[in-house]
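Each protein sequence line maps, in turn, to chains V and L.
Sequential numbering of the first sequence, starting at 4, is according to my numbering.
Sequential numbering of the second sequence, starting at 2, is according to my numbering.
Calculated from the structure, these hints are not laboratory results.
Heads up, the beta-carbon is just placed ideally off N, CA and C, and yes, glycines get one too.
A couple of the hints might just be wrong.
[To be verified] Partial chain V-side listing against chain L, Cβ under 10 angstroms, derived: (1) Y37; (2) Q45; (3) G46; (4) Q48; (5) Y49; (6) H52; (7) G53; (8) K55; (9) N56; (10) I77; (11) P79; (12) Y90; (13) I109; (14) V110; (15) P112.
[Stated by the list, open to error] Calculated pairs, DSBU-like style, for lysine-lysine (alpha carbon to alpha carbon, straight line, at most 35 angstroms): (16) V/K72 - L/K18; (17) L/K18 - V/K55; (18) L/K58 - V/K55; (19) L/K18 - L/K58; (20) L/K16 - L/K58.
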Amino acid sequence: DAKTTQPTSMDCAEGRAANLPCNHSTISGNEYVYWYRQIHSQGPQYIIHGLKNNETNEMASLIITEDRKSSTLILPHATLRDTAVYYCIVPGGSYIPTFGRGTSLIVHP
Amino acid sequence: GAGVSQSPSNKVTEKGKDVELRCDPISGHTALYWYRQSLGQGLEFLIYFQGNSAPDKSGLPSDRFSAERTGGSVSTLTIQRTQQEDSAVYLCASSPSPGQILTGELFFGEGSRLTVL
Numbered sequence: 004d005a006k007t008t009q010p011t012s013m014d015c016a017e018g019r020a021a022n023l024p025c026n027h028s029t030i031s032g033n034e035y036v037y038w039y040r041q042i043h044s045q046g047p048q049y050i051i052h053g054l055k056n057n058e059t060n061e062m063a064s065l066i067i068t069e070d071r072k073s074s075t076l077i078l079p080h081a082t083l084r085d086t087a088v089y090y091c092i093v094p095g096g097s098y099i100p101t102f103g104r105g106t107s108l109i110v111h112p
Numbered sequence: 002g003a004g005v006s007q008s009p010s011n012k013v014t015e016k017g018k019d020v021e022l023r024c025d026p027i028s029g030h031t032a033l034y035w036y037r038q039s040l041g042q043g044l045e046f047l048i049y050f051q052g053n054s055a056p057d058k059s060g061l062p063s064d065r066f067s068a069e070r071t072g073g074s075v076s077t078l079t080i081q082r083t084q085q086e087d088s089a090v091y092l093c094a095s096s097p098s099p100g101q102i103l104t105g106e107l108f109f110g111e112g113s114r115l116t117v118l
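Take these sequences, add in the hints, and give me the full structure.
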């Protein structure tokens, strides 16, 4: 996996956009960026993935920089239920995704 | 439901006992993963199954750990002579990826919480 770097923790006010950054400066070729989240006491949940273009689904948006060395996961209107640990993963040529420590997002009222 | 199912959800055992943890992947998913997560830590890869290929056991921490996948579906993770440091949540995931490169997302179960006294 390409190495990824994420802030340890972030907080966000309910109803505001949560922007979670991820650096993956060693990304190369056709490596995708995946995002997962893990709500307390649950298994991780897939959110979104992308290659070059920005992606959006019902859960979030993914913005990937033109040089692909970083990306931002955007939760447009964060709710208390979005409090979780968010993982940015670049599996690359590996079939075994490596989950680091991720970013602990706390959404407060 | 149609998700990944794990059992038991909670298991408390005494040091030295053997335990078996079961995973029912999503029907049709060829890839199956086991991870474990100790309290406050990230996910630690244990073992990976892909179709009929030999499993990748590179993440198993010791020879007390083993896993099998019967008929390309259900998987059982066995821990022999459990130790207190084995206490963790054991997570199973499956993926529809047909090949060796991750091309799709992983679907995780809710995990089996193991406590070794």
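Here is how each hint holds up against the structure:
Taken as an interface hint, V/Y37 checks out: its beta carbon lies about 7 angstroms from the nearest beta carbon of chain L, inside 10 angstroms. A hinted interface residue such as V/Q45 counts as satisfied when its beta carbon comes closer than 10 angstroms to some beta carbon of chain L; here the least separation is about 6 angstroms, so the hint holds. Given the 10 angstroms rule on beta carbons, the hint for V/G46 holds: about 3 angstroms separates it from the nearest Cβ of chain L. With a least beta-carbon distance of about 7 angstroms to chain L, the hint placing V/Q48 at the interface is held under the 10 angstroms criterion.
Given hint, V/Y49 at the interface with chain L, holds; its Cβ is 4 angstroms from that chain's nearest Cβ, closer than 10 angstroms. Look at V/H52: its Cβ gets to within about 7 angstroms of chain L, closer than 10 angstroms, so that hint holds up. At about 12 angstroms, the closest approach between the beta carbon of V/G53 and any beta carbon in chain L exceeds 10 angstroms, and the interface hint on this residue is violated. The interface hint given for V/K55 is violated, since its Cβ lies 16 angstroms from the closest Cβ of chain L, which is over the 10 angstroms cut-off.
Restraint check, V/N56 versus chain L: the minimum CB separation of about 17 angstroms is more than 10 angstroms; hint violated. Because the smallest distance between the Cβ of V/I77 and any Cβ of chain L comes to about 19 angstroms, over 10 angstroms, the interface hint for this residue is violated. Interface hint status for V/P79: violated, as the beta-carbon distance to the closest one in chain L is roughly 21 angstroms, over 10 angstroms. For V/Y90, the interface hint holds, the least distance from its beta-carbon to any beta-carbon of chain L being 8 angstroms, beneath 10 angstroms.
The beta carbon of V/I109 is not positioned within 10 angstroms of any beta carbon in chain L (closest approach about 15 angstroms), and the interface hint is therefore violated. Taken as an interface hint, V/V110 does not check out: its beta carbon lies about 20 angstroms from the nearest beta carbon of chain L, beyond 10 angstroms. Of the supplied interface hints, the one on V/P112 is violated, with its beta-carbon coming no nearer than about 25 angstroms to a beta-carbon of chain L, more than 10 angstroms. Of the pairs offered as hints, the one joining V/K72 and L/K18 is violated, with about 47 angstroms between alpha carbons and a cut-off of 35 angstroms exceeded.
Restraint check for L/K18 and V/K55: not satisfied, since their Cα atoms lie roughly 50 angstroms apart, outside the 35 angstroms limit. A distance of roughly 33 angstroms separates the Cα atoms of L/K58 and V/K55; the hinted pair therefore holds under the 35 angstroms criterion. With a CA separation close to 22 angstroms, the supplied pair L/K18 and L/K58 stays within the 35 angstroms bound. For the suggested pair L/K16 and L/K58, the alpha carbons sit about 24 angstroms apart, so the restraint of at most 35 angstroms is met.
Checked against the numbered hints listed earlier, the structure breaks hints 7, 8, 9, 10, 11, 13, 14, 15, 16 and 17; every other hint is satisfied.
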